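Residue numbers (the numbering used here), protein chains in the order written: chain P, 1 to 352; chain R, 1 to 323.
None of these hints come from the bench; they were simulated from the model. These numbers were taken from a predicted model, which means no experiment stands behind them. Among the clues, some could well be false.
To be verified - Derived EDC-like pairs (lysine to aspartate or glutamate); straight-line CA-CA distance at most 16 Å: (1) P/K212 x P/D231; (2) P/K246 x R/E203; (3) P/K270 x R/D295; (4) R/K119 x R/E203; (5) P/K253 x P/E273; (6) P/K67 x P/D84; (7) P/K246 x R/E89; (8) P/K212 x R/D295; (9) P/K325 x P/D250; (10) P/K144 x P/D124; (11) P/K125 x P/E96; (12) P/K324 x P/D309.
Claimed, not checked - Simulated restraints on C-beta separations: (13) P/T118 x R/I300: 54 to 60 Å; (14) P/Q181 x R/E203: 37 to 43 Å; (15) R/A22 x P/G207: 23 to 29 Å; (16) R/E41 x P/K144: 30 to 36 Å; (17) P/G317 x R/R33: 30 to 36 Å; (18) P/Q184 x R/G302: 23 to 29 Å; (19) P/G202 x R/G302: 51 to 57 Å; (20) R/G177 x P/L77: 25 to 31 Å.
Glycine included, each C-beta is placed from N, C-alpha and C at the ideal position.
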Amino acid sequence: MRGLIVAFLAVLMLGGCAPKPPADSAPPAGAKPEPAKAKSEAPSPGTKLRFAVVPKQKDNPVFAYAKTAAERRAKELGVDLVWDAPNANDEAKQAEIVSTLADQGVNGIALSCSNPATLKNAIDKAEAKGIPVICWDSDAPTSKRRAFYGIDDQATGKLLGEEMARLLPSGGSVMILSGVQGAQNLESRIKGVNEALAAAKGIKVLGVQYCKDDVTTSVQMIGDVMSKHPDLGGWVMVGGWPLFAKNGLDAIKPGKTKVVAVDPLPEAQKWLESGHVQVCVGQKVFGWGSESISILNALAQGKPVPGMDAKGFVDSGVDIVVPKKEGAYTDAKYIDLPTYRQQFEAAAGGKS
Amino acid sequence: MIKRVLALRELGIVAVLLAEVALFAVLCRQPGRPNPFLQPEALLNVVRDSAVLGLAAIGTTVIIVAGGIDLSVGSVLALCAVVVASLMEAGHALWAVPVGLLVGIACGLITASIINAAKLPPFIVTLGMMSVARGSAFLVTGGRTVTLPESTFTHAVGGNIMVAGVLVPVPALIWVGVALLAAMWLSRSRLGRAVTALGGNEEAARLSGLPIARLKRVVYGLGGGMAAMAGSVFVAYYGTGQSTAAGGWELDAIAAAVLGGASLNGGRGSIIGTCVGAVIFRVLQRGLTMLGASDYSQVITGIVVVAVVVLDQFATRRAHRAG
């Protein structure tokens, strides 16, 4: 009996390691190629549409908000929602999922693209089958995707840089914190930050620290940099990694070293309250889910997509969150933390 | 006492650490400012930052000494961390850490049972456990980051206490205490010596009557328990539990053990050496970050591990020829 249990556990564990055939693998010898089907271009009347939303990974908390909003919008529109993604960020697995969904004949796919080059083939094949594919959060501009809902990363980076320049009117040194080196959206934001800070007087960018999307590493890096540069003027964080840790910005003296960051999610809002973060730029995390479903619904029914330009870009806009609307932050483009929090909680709870 | 604990090889690794600190202190010095590498607070922070990995690496060292290998340590750490954080969040503060420890030990015992029963290489079984534990961590949280508010637990285990007028990080104290106990257990207890004998030559250990299967359950159970303890300290210090935590730490833990004198052939290893090895890698990361070259740390870690293993193989062959 004991041996049986152990053997079962061994099979269970090894099963997780067994290689899976790639979704895009060639059919077996002799098999007839499946003809491309235009399943989604003209759904038959009365058929309930089924849309798939594929984030980069399931284990990133920001995508949980997108899922909530997608489920709500799907219910409102009377369509079915399939939510699937790799557990951890894995571009090959994401490509497999997109291919599988296309084979299943969903009526549209919306994905946050892990890597444009890796996903291009899967996106183009889905489009060849007549399934509309759109991107959100992270684009695949070289693919045949129909639309992209999100932010212009370079423009957002420029916004972050301009806010930092405003916080350092007498100049100073600035460090940039990023995630994985080479990630297209982050590199575009860094480019925008550098562009804005190069135009500001007396600001010197010391460099970019890449934390590999790891919260622990980001906290340690901040501590290390602050030890070396105790008089650092500011941090521009193109992602919100350290804001999720209890002690994420403990090495920074509030007010002395300014911080402009991204993603004022509930877990990160305490840093705005404590004065460690002066400006936090929020992406439309709920819109990633709800607007993606709306865009797919419009495309599946052959209707125009509101706000879409010739390149398929639908600007989601951003929220520029500050602790209080006072001093230099009275302009309408800023939103104070209590108001933002109220709106966020309402969206998360389905009240709006 | 200190002489007994610190063998010649360990003194050598301490010398490497001191040389590394001196090198970075020179490279990172700034005229007119205190050296960021030589401030007592900075040095304590290095030890604190090494504590979580260091705790996990203690278990890895014992497994390596016993002739095994554990590729699941980072995943088991993450699983235990999310279990502890989720239970804390649900208001079961009293049960959180004990349940987390039980989960870690259970992972180790399952691994050992499969190795014993199916006669599979530890490499394969722990690779499977790596996948199972990481996937289970995801299932526990559903991909959500569990963020804990300040509590007695986060203050007591993740905070600082005053020791002789110096503010000392509690994670560092826990790590040093556990390391000293583990070092004495491995080198001086009957069970510890049996573990070393098992790694030195399993067949000889079997013929001499040592309970091989039970010893393997002890070392892998201990490895899981240490990963769980590291996970609990992680939750207390960072205030979060995330299924993606400690990704790739299996290599870091093995690297610390190997650099600290553990032989991948088994039969040799030092807990104190591993702890110094963990600090060496943290100092390397810190130094490279300060120099704006943090991207090289992974490459250097890999090169150091391969170089140390190659040197160890040479030394072992030479010793065999001489003996």
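Legend entry - Distance restraint evaluation - P/T118, R/I300, Cβ atoms, bounds 54 to 60 Å: violated (28 Å)
Legend entry - Consistency of beta-carbon spacing, P/L77 to R/G177, with hint 25 to 31 Å: violated (59 Å)
Inset, instruction - Note whether the CB distance of P/Q184 and R/G302 lies within 23 to 29 Å or breaks it. - result: holds (26 Å)
Inset, instruction - Please work out if P/K246 and R/E203 have their alpha carbons no farther apart than 16 Å. - result: violated (49 Å)
Inset, instruction - Just tell me: holds or violated, for the beta carbon distance of R/A22 and P/G207 against 23 to 29 Å? - result: Roughly 24 Å apart at Cβ, these two residues keep to the hinted range, so it holds.
Inset, instruction - Mind checking the hinted window 51 to 57 Å against the Cβ distance between P/G202 and R/G302? - result: Cβ of P/G202 to Cβ of R/G302: about 41 Å, so the range 51 to 57 Å is violated.
Legend entry - Pair hint outcome, P/K144 versus P/D124 [Cα-Cα no greater than 16 Å]: holds (5 Å)
Inset, instruction - Would you check the hint for P/K270 and R/D295, treating anything up to 16 Å between C-alpha atoms as holding? - result: Violated, at roughly 30 Å.
Legend entry - Pair hint P/K212 and P/D231, alpha-carbon separation not exceeding 16 Å: violated (25 Å)
Legend entry - CB-CB spacing for P/K144 and R/E41 relative to the 30 to 36 Å hint: violated (56 Å)
Legend entry - Distance restraint between P/K253 and P/E273, which requires alpha-carbon spacing of 16 Å or less: holds (14 Å)
Inset, instruction - Mind checking the alpha carbons of P/K67 and P/D84 for me, to see if they're no more than 16 Å apart? - result: holds (10 Å)
Checked against the numbered hints listed earlier, the structure breaks hints 1, 2, 3, 9, 12, 13, 14, 16, 17, 19 and 20; every other hint is satisfied.
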